[in-house]
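*Asks:* Listed below are the residues making up each chain.
2 protein chains.
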Amino acid sequence: MTGILYGIGAGPGDPELLTVKAFRILSESKVIAFPKKRSGEKSYARQIIDAYIDPKEKDMLGLVFPMTKDPVILEREWNKAADAVAEKLESGENVAFVTEGDPMLYSTFIHMKNVLLKKMPDVKTEVVPGISSVNGTAARLNIPLADGDEHVAIIPATDDRDALKRAIEHHDCVIFLKVAKVAALISSVIRELGLEQYAHAVTKVTSEDEVIWTLDEFERAEPNYLTLMVVKKK
Amino acid sequence: MTGILYGIGAGPGDPELLTVKAFRILSESKVIAFPKKRSGEKSYARQIIDAYIDPKEKDMLGLVFPMTKDPVILEREWNKAADAVAEKLESGENVAFVTEGDPMLYSTFIHMKNVLLKKMPDVKTEVVPGISSVNGTAARLNIPLADGDEHVAIIPATDDRDALKRAIEHHDCVIFLKVAKVAALISSVIRELGLEQYAHAVTKVTSEDEVIWTLDEFERAEPNYLTLMVVKKK
Chain L
1 MTGILYGIGA GPGDPELLTV KAFRILSESK VIAFPKKRSG EKSYARQIID
51 AYIDPKEKDM LGLVFPMTKD PVILEREWNK AADAVAEKLE SGENVAFVTE
101 GDPMLYSTFI HMKNVLLKKM PDVKTEVVPG ISSVNGTAAR LNIPLADGDE
151 HVAIIPATDD RDALKRAIEH HDCVIFLKVA KVAALISSVI RELGLEQYAH
201 AVTKVTSEDE VIWTLDEFER AEPNYLTLMV VKKK
Chain P
1 MTGILYGIGA GPGDPELLTV KAFRILSESK VIAFPKKRSG EKSYARQIID
51 AYIDPKEKDM LGLVFPMTKD PVILEREWNK AADAVAEKLE SGENVAFVTE
101 GDPMLYSTFI HMKNVLLKKM PDVKTEVVPG ISSVNGTAAR LNIPLADGDE
151 HVAIIPATDD RDALKRAIEH HDCVIFLKVA KVAALISSVI RELGLEQYAH
201 AVTKVTSEDE VIWTLDEFER AEPNYLTLMV VKKK
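If you read the protein sequences in the order shown, they are chains L and P. According to full-length UniProt numbering, the residues represented by the first sequence are 1 to 234, in order. According to full-length UniProt numbering, the residues represented by the second sequence are 1 to 234, in order.
In case anyone wonders, no lab produced these hints; they're calculated from the structure. Please note: incorrect hints may appear among the correct ones.
If chains are identical, the list can't say which one is meant, so a pair holds when it fits in one copy or spans any two.
Said to hold, decoys possible - Think about it this way: if two alpha-carbon atoms lie no more than 25 Å apart in a straight line, the pair counts; the simulated DMTMM-like pairs of lysine to aspartate or glutamate are: (1) K165 with E219; (2) K36 with E150; (3) K80 with D122; (4) K233 with D159; (5) K42 with E77; (6) K36 with D147; (7) K118 with D147; (8) K178 with E219; (9) K178 with E41; (10) K233 with E126; (11) K233 with D160; (12) K178 with E150; (13) K36 with E75; (14) K36 with D54; (15) K181 with D149; (16) K119 with D59; (17) K37 with E169; (18) K42 with E210; (19) K178 with D162; (20) K69 with E192; (21) K165 with D149; (22) K234 with E28.
Generate coordinates for the entire structure from the input sequences, incorporating the hints supplied.
*Replies:* Put into structure tokens, the structure is as follows:
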């Protein structure tokens, strides 16, 4: 019988933010798949769940999802990853695919599942939601994302100045993802709107490597790929 | 010594979607506070955590947060709730205040904390994020909220037709909260935009009482207070 593919949210970084359900399914699954940027590189998702599993007792399946927008490379690598998962599922094993945060919010699981479903249209999949970095950040900053009639938006940062400005103007709270590449631009938009004291940047929230910056600090920092920014107008 | 106030996310409904951290803090806390709409009524948050605690071993503190917009009633009841929590904290007990979903996203914890901080400005608070109904819904529908450059918005439903329309037009995915009161209006906007097959309504997601509706079904149903609608354009 074909195995089940689980998409498991590992949460934002703190291993204790794994759900009881994710823990159970990881315990019950023989094959644990996890994404990494390069072959040989550490996986953030795997790091989060490391405390809960003994890799000697599991079939640890590291899958490479390269950080590129080149469609040829992406198709080739997503196909390779899906093939590796398909092989396990066809042999009857369940596969628990772990991603940081939530599997349905900007995760590698979405790509992998889409490619896999073309190869195995009838495969059974189940998603176990995870705490996203968005909710993790609100908890650590002790700032409500929204209350009452307030609007929240989650938006990947862009180099379009007007789009950044409109996003802040149209919502009570905006979470900009992947701000590292446009750090100077996004800071200048926030200053132009006079919202300096309402902006915070955070990276690897709730993990041991967590960093939280005010806007002043952010402008002098070197943010990494997992850095997001929250602008909560009050 | 004054106790610590914990804001604990119980997740959307399935008790297994509690985090390991929430479980630990509930186990360690003597006082478990939870919101309910009326005195004597069942609390959804409490229902979710019921499997994990023995109420005989705990000090179960039900707090009434009435469903009204009357500012006089709200101030009186929030004050009462904060006083009850303050009394426990001042006696040295930690208080674990449980809310459904995530404590920083449209939760009663936000109100209670704000009122409490006016009485006890130095009280230590810690928030344990929870799986919100938004992420729970995406998992159950098996629909990605967003990927790549897509934008997500979380917006309380309103009776302003143009505002509903603009929200859908400006984002790749919109989650409308509390749609029961404007069910007919929101359906007609979605039909006008030709997005019938991309809209789903969900109530008490992941719980035993979960209901998932297509737009056709939703139009014939009687949605309740906890019903949200996802519109994911593709």
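*Asks:* So, for every hint listed, does it hold in this structure?
*Replies:* We went through each hint and held it up to the structure:
no.	hint	in the structure
1	K165 with E219	within (18 Å within a copy, 37 Å between copies)
2	K36 with E150	between (36 Å within a copy, 22 Å between copies)
3	K80 with D122	within (19 Å within a copy, 55 Å between copies)
4	K233 with D159	both (22 Å within a copy, 24 Å between copies)
5	K42 with E77	within (17 Å within a copy, 51 Å between copies)
6	K36 with D147	between (36 Å within a copy, 17 Å between copies)
7	K118 with D147	between (41 Å within a copy, 18 Å between copies)
8	K178 with E219	within (15 Å within a copy, 39 Å between copies)
9	K178 with E41	within (20 Å within a copy, 44 Å between copies)
10	K233 with E126	between (37 Å within a copy, 22 Å between copies)
11	K233 with D160	both (21 Å within a copy, 22 Å between copies)
12	K178 with E150	both (23 Å within a copy, 13 Å between copies)
13	K36 with E75	within (16 Å within a copy, 50 Å between copies)
14	K36 with D54	within (19 Å within a copy, 42 Å between copies)
15	K181 with D149	between (32 Å within a copy, 14 Å between copies)
16	K119 with D59	within (22 Å within a copy, 54 Å between copies)
17	K37 with E169	neither (35 Å within a copy, 34 Å between copies)
18	K42 with E210	within (17 Å within a copy, 38 Å between copies)
19	K178 with D162	within (18 Å within a copy, 31 Å between copies)
20	K69 with E192	neither (31 Å within a copy, 35 Å between copies)
21	K165 with D149	both (21 Å within a copy, 17 Å between copies)
22	K234 with E28	neither (45 Å within a copy, 34 Å between copies)
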